[in-house]
Amino acid sequence: DVKVTQSSRYLVKRTGEKVFLECVQDMDHENMFWYRQDPGLGLRLIYFSYDVKMKEKGDIPEGYSVSREKKERFSLILESASTNQTSMYLCASTQTGAYNEQFFGPGTRLTVL
Amino acid sequence: EDKVVQSPLSLVVHEGDTVTLNCSYEVTNFRSLLWYKQEKKAPTFLFMLTSSGIEKKSGRLSSILDKKELFSILNITATQTGDSAVYLCAVGPFNSGGSNYKLTFGKGTLLTVNP
Numbered sequence: 001d002v003k004v005t006q007s008s009r010y011l012v013k014r015t016g017e018k019v020f021l022e023c024v025q026d027m028d029h030e031n032m033f034w035y036r037q038d039p040g041l042g043l044r045l046i047y048f049s050y051d052v053k054m055k056e057k058g059d060i061p062e063g064y065s066v067s068r069e070k071k072e073r074f075s076l077i078l079e080s081a082s083t084n085q086t087s088m089y090l091c092a093s094t095q096t097g098a099y100n101e102q103f104f105g106p107g108t109r110l111t112v113l
Numbered sequence: 001e002d003k004v005v006q007s008p009l010s011l012v013v014h015e016g017d018t019v020t021l022n023c024s025y026e027v028t029n030f031r032s033l034l035w036y037k038q039e040k041k042a043p044t045f046l047f048m049l050t051s052s053g054i055e056k057k058s059g060r061l062s063s064i065l066d067k068k069e070l071f072s073i074l075n076i077t078a079t080q081t082g083d084s085a086v087y088l089c090a091v092g093p094f095n096s097g098g099s100n101y102k103l104t105f106g107k108g109t110l111l112t113v114n115p
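Which chain is which? The protein sequence lines are E and D, in order.
Numbered according to the numbering used here, the first sequence terminates at residue 113, and the numbering increases by one at each position without gaps.
Numbered according to the numbering used here, the second sequence terminates at residue 115, and the numbering increases by one at each position without gaps.
Rather than coming from a laboratory, the hints here were simulated on the basis of the structure.
Note that beta-carbon positions come from the ideal geometry of N, C-alpha and C, so glycine has one too.
A portion of the hints provided could be inaccurate.
Listed below are the simulated EDC-like cross-link pairs for lysine to aspartate or glutamate, each with C-alpha atoms no more than 16 Å apart in a straight line [said to hold, decoys possible]:
hint, chain 1, residue 1, chain 2, residue 2
1, E, Lys70, E, Asp28
2, D, Lys67, D, Glu55
3, E, Lys71, E, Glu22
4, E, Lys3, E, Glu30
5, D, Lys41, E, Asp38
6, D, Lys3, E, Asp59
7, E, Lys3, E, Glu72
8, E, Lys70, E, Glu22
9, E, Lys18, E, Glu79
10, E, Lys70, E, Glu30
11, E, Lys57, D, Glu1
12, E, Lys70, E, Asp26
13, E, Lys53, E, Glu72
14, E, Lys71, E, Glu17
15, E, Lys3, E, Asp26
16, D, Lys3, D, Glu69
17, D, Lys107, E, Asp59
18, D, Lys107, E, Asp38
19, E, Lys55, E, Glu69
20, D, Lys40, E, Glu79
21, D, Lys37, E, Glu62
Pair by pair, the computed Cβ-Cβ distance ranges are [unchecked claim]:
hint, chain 1, residue 1, chain 2, residue 2, range
22, D, Val13, E, Asp28, 37 to 45 Å
23, D, Phe45, E, Arg9, 14 to 22 Å
24, D, Ser10, E, Asn84, 19 to 27 Å
Turn these sequences into a full structure, and let the hints guide you.
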């Protein structure tokens, strides 16, 4: 079974802190994604990566950056957390050649105070 | 810009009812439409549709795609309380390069099944 894991299920940070969210997949997938999910807004793509060290902006990249140094790991970085970044963050992965089916991690609920 | 619209946004039914969830889309170079179920955790995959008129079925759930009218429906028959969840629809385009695997999601339909 595909397994996507995220470093924390719940995280509480203070405004201005640097925050790292980690995602690891064990199926050798080339493509990895970070979404945020908010009530009434659905899933919105923040960044994605289609290869090691390759990244592309999604629909809402402002205030975020990413890092992909190894194929299995994709990190989301909040350089200076703000209260409007309080959200559920979901990581997903998919292999090249698949018809877009993405496998999701359990999510990290981030609260910024 | 790719767009996915789901309706209704929320729905309350009684156990045993049949429900139909709708998903309409606008996407350049359509490749696939996917349905996910999300309870209080990560979305789990239900169906992937790529061809018009071919019904996909899994137990009490079924789905079909109409590429001419640009929509899909997800049917759930004999609903159970365990079907209560947010149902997400997503479309994937066929693009060249790295963005080939992006999905655009709708806002979801919140289904509540009461006993």
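Which hints, by number, does the structure contradict?
14, 20, 21
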